Structure formats: structure tokens, C-alpha cells
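> If you want the building blocks of each chain, they are given just below.
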Amino acid sequence: MSRTTDLVAVFTTVSTRQQADLLARATVEQRLAACVQIEAIHSTYRWQGEIVNEPEVRLMLKTTQANYAALEVLLRQRHPYEVPAIFALPIAEASAPYAGWVTAVLAQNAGHS
Amino acid sequence: MSRTTDLVAVFTTVSTRQQADLLARATVEQRLAACVQIEAIHSTYRWQGEIVNEPEVRLMLKTTQANYAALEVLLRQRHPYEVPAIFALPIAEASAPYAGWVTAVLAQNAGHS
Amino acid sequence: MSRTTDLVAVFTTVSTRQQADLLARATVEQRLAACVQIEAIHSTYRWQGEIVNEPEVRLMLKTTQANYAALEVLLRQRHPYEVPAIFALPIAEASAPYAGWVTAVLAQNAGHS
Chain A
415 MSRTTDLVAV
425 FTTVSTRQQA
435 DLLARATVEQ
445 RLAACVQIEA
455 IHSTYRWQGE
465 IVNEPEVRLM
475 LKTTQANYAA
485 LEVLLRQRHP
495 YEVPAIFALP
505 IAEASAPYAG
515 WVTAVLAQNA
525 GHS
Chain Y
415 MSRTTDLVAV
425 FTTVSTRQQA
435 DLLARATVEQ
445 RLAACVQIEA
455 IHSTYRWQGE
465 IVNEPEVRLM
475 LKTTQANYAA
485 LEVLLRQRHP
495 YEVPAIFALP
505 IAEASAPYAG
515 WVTAVLAQNA
525 GHS
Chain X
415 MSRTTDLVAV
425 FTTVSTRQQA
435 DLLARATVEQ
445 RLAACVQIEA
455 IHSTYRWQGE
465 IVNEPEVRLM
475 LKTTQANYAA
485 LEVLLRQRHP
495 YEVPAIFALP
505 IAEASAPYAG
515 WVTAVLAQNA
525 GHS
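Keeping their order, the protein sequence lines are chains A, Y and X.
For this note's numbering, add 414 to where a residue sits in the first sequence, where the first one is 1.
For this note's numbering, add 414 to where a residue sits in the second sequence, where the first one is 1.
For this note's numbering, add 414 to where a residue sits in the third sequence, where the first one is 1.
These are computed hints drawn from the structure, not numbers from a lab.
Quick caveat, the model's predicted, so the values are computed rather than measured.
Here a beta-carbon is modelled for each residue, glycine too, at the ideal position from N, C-alpha and C.
Treat the hints with care, since some could be wrong.
[Said to hold, decoys possible] Computed beta-carbon distance windows for the label pairs:
1) T517/Y x Q462/A: 39 to 49 Å
2) G463/X x E443/A: 47 to 57 Å
3) A480/Y x E468/A: 21 to 31 Å
Chain A on its own, in the form it takes in the complex:
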């Protein structure tokens, strides 16, 4: 499938709803994400030899490929974790009015001024 948009869906995970809201607001304020969705999850992973299971909050941030690097920098600066999970899934197709809205929102950020 050839991609018809340059949008990406970026995921990261924090410990609390408050941390998630702070990251969501910061990335939208700086126009590095057009919108951010957060949801409660439970995570299982290996930590110092033990398998742990704990509640977390996941963010899904919508941005463009061109803004991913700057968004990752901001997330790492503000993130409560030392090695946060931050990764982007490519978006293959998007409704044209929605893709236009995302692009227009992000076009006004500092990288474009």
C-alpha cells in the first residue's frame, strides 16, 4: 500500500492521568501534536529481573512525519521516565479534511515561523 498522507500516530506511556494531561497539553500548545488521546491501561514488562504488572496511562498523539523528531525531543524533555517508550506508527490513509486540519494546526508551530 502506498501512503497517501504523511501523518503518524505516536505512542508513549506514563504513570498517572495527571502526567498524561501535562504531556498532552504541552504538545498541543507547542503545535507538535494536533490532538492527543489518553486511556488507562495495565502494563507487563521485565524490570531488574522481575516481571512486573502496573497501571499506566497511554497517549496516542497525532502529528506529521516532519514534526516527529521535534515531538520526540519535547516528550523526552518532559517525560517522567528515564527510558520512555516513544514510537510512531505510520498512517497509510486519512480522510482528506482531517489530514488537512492536522497539517494546518501544525503549520503554525515554531519550526515554521
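Fit chains Y and X to the known structure of chain A by using the hints.
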């Protein structure tokens, strides 16, 4: 990674559980989605100059690349929002029996009759 | 967009939180997933001619492309469903320390010994 399937995961977001259930049922009834998952989220985005945060419901619809355009048309017709977020993530790999089930379910829709 | 990582995000769905926790623990124990996130959802799909809607639990497992086939085998062996949804979304970009952590965790699994 070369893709071994033509499945896609389509996302859209509405305000209420009832709206989500209506869209889920309509897309499955018309065989434009083989299955739909919904979940409660909170969204942060810019609206008329303000940053807003509100509860929403996200849908993840499983379909094929060939059915994406018709699914997007149906979602836009039935969607409560003026500019809904509708976009598709490519699926790179899928369990063969599952991919076969999705394809078989969708093969009976109107586009194939 | 050219991919800068070989990570993938794998999704599957089960009926209960307990089933989800068992799959999460098994895949992390065998180092076929570096971390697993689970969340409550509602699913709509066609079953024996009827459209059904039921609560389920979704898993999102982070692994590498090289480990996908072995992970799918393990998921199918342990899965409570006859034809489970199991599929992988490609990850286009990832924070370098995170990608390094995933790769390091998985490098110690049986396939590498």
C-alpha cells in the same frame, strides 16, 4: 518489512458510547468492517483558539485496503462530527486464519455482488 | 517514510483480564515481547449470522519483526479462541534508547541462545 496482508486498522472517534455502537453496527452490517473495537478515551486538542479536554469513544475497525474508501464514505455519512478523525494504519503481518476470516466476511459485501 | 526501526506492535484480543494477564506474562517470560499493554474494550462482529457486541480485553505487545513469527506461534498455542485476531502494525520511528531496550530484552530469548 514487506507486508504479507492487505488488512488495515481504521480509527475514528465519537462523543458517546451510543454513537460508537451505531457506527460499529452499521459498518459490520454492511460488511465494510469485519470487527470493531471501542474504548473510552480522553482527548486534548485545539478548538477555536482554546485547548480543550473531553471524554470521547474511539473505534478501531478492521477491514482491507480494498474496502477502505467505501468504509470512509460510510463513516463520514453517519458520523456526528463535521470533520471527523478517520485514518488507517497498515497491518504488516496477520495470523493466516484471522486474515482469511476478515477477507471472507468482507467478500460478501455489496461491492462484490 | 522509510522505517528506522524493526519494531512492531502486535495486537490480540481475549475474553477476560485473567486470560490477558496469562498471555502477557507468558510472552514476556519467554522474551518474545519486551512489554505488553492491556485495556478493556467492547467488540462488535458477526458470529453465526448474528451481529454480537461483547466486552473483551485487548493486548498490545511490543516486539521486533524478527520475533513476530515465534510470538504468533506462542499466542496461538496459549490463546483461548479458535481463530484469534493476531496482527502486527509496523513501527516507523522509535526513540533510540527505547528501541535499544526492546532489542536487548529480546536478544536473550531462546531463539538467540
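> Please flag the earlier hints that this structure goes against, numbers listed from lowest up.
3
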